[in-house]
Amino acid sequence: MMDVLTAFIDLVFPAKCTFCESMDDVDNRTNICTKCNKKLPYYREEYRYLKGGALPGCRGFKKFEKVYCLFEYTGIVKKTFVKYKFRGDVNACKAFAVLMHGMLEFENAYKDLDFITSVPLSGKKLAQRGFNQSRLLAKRISKLSNIPYEEVLARPVQGQTQSKLTEKERLGMKDRFVVINEHRVIGKNILVVDDILTTGSTLDEVSSLLLDKGANKLTAAIFASGRKDL
1 MMDVLTAFID
11 LVFPAKCTFC
21 ESMDDVDNRT
31 NICTKCNKKL
41 PYYREEYRYL
51 KGGALPGCRG
61 FKKFEKVYCL
71 FEYTGIVKKT
81 FVKYKFRGDV
91 NACKAFAVLM
101 HGMLEFENAY
111 KDLDFITSVP
121 LSGKKLAQRG
131 FNQSRLLAKR
141 ISKLSNIPYE
151 EVLARPVQGQ
161 TQSKLTEKER
171 LGMKDRFVVI
181 NEHRVIGKNI
191 LVVDDILTTG
201 STLDEVSSLL
211 LDKGANKLTA
221 AIFASGRKDL
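With this note's numbering, letter number 51 in the sequence shown gets 51, and the count goes up by one each step, no holes.
Mixed in with the good hints, there may be bad ones.
[Stated by the list, open to error] Restricting the straight-line Cα-Cα distance to at most 30 Å, the calculated cross-link-like pairs of lysine-lysine (DSS-like) are:
(1) 63 - 16
(2) 85 - 66
(3) 94 - 78
(4) 139 - 38
(5) 78 - 63
(6) 111 - 139
[Claimed, not checked] With beta-carbon atoms standing in for the labels, derived distance ranges:
(7) 143 - 108: 17 to 23 Å
(8) 78 - 23: 21 to 27 Å
(9) 41 - 21: 17 to 23 Å
None of these hints come from the bench; they were simulated from the model.
Even for Gly, the Cβ is constructed at its ideal location relative to N, Cα and C.
Make a model of the complete structure from these sequences and hints.
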């Protein structure tokens with residue numbers, strides 16, 4: 001019965017590709033058409049569909065067991081993510097989360113995890129956008145993986161927008177986050193979800209805070225990286 005209902009819904013409301021809005025050859029699981037799927041700029045050329053890769057040697061990653069990144073922040077990924085992040089196109093979250101989940105599942109990154117969390121926005125940015133893009137990704141990944149989502153980080157003070165800062169200014173930003181619900185962190189293995197990698201300073205600060213509060217092991221998952229030197 002569910003198969004019939006699903007087929008009926010697909011017929012009446014055909015899926016549109018997240019990247020080009022075509023209705024031709026769209027995978028209903030990811031909402032990505034065959035044509036766009038071939039154009040996706042996965043982080044490393046040798047990695048294939050739904051794989052991604054660990055990023056060694058980055059300044060902000062020393063305290064993480066592994067950091068996984070799905071895409072390079074360029075081409076159709078950048079164009080679509082800008083709509084998602086700054087224009088409220090939250091429907092794209094489905095495709096992004098399914099792809100990130102596939103990467104993490106392939107890499108066995110869920111093993112021994114206690115919960116998933118996300119990098120928070122300031123109250124001002126949250127009010128402007130109406131949603132936290134990293135939180136939406138993390139919560140959908142949580143549902144796909146059946147690993148609980150926990151809110152353990154907050155950003156009480158408005159920081160300058162990273163996209164408008166130089167690399168030196170970004171690296172100099174400190175004390176932008178606090179740990180809440182500290183008892184939930186002690187002894188836990190945590191996956192931190194973030195959207196776009198710039199310098200790694202955000203992950204550096206977040207990892208230091210969580211480990212200082214007693215977290216056992218940290219892994220991170222990033223949607224896309226603007227850096228190609230890692």
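Quiz prompt | Indices of hints not satisfied (ascending) | solution = 1
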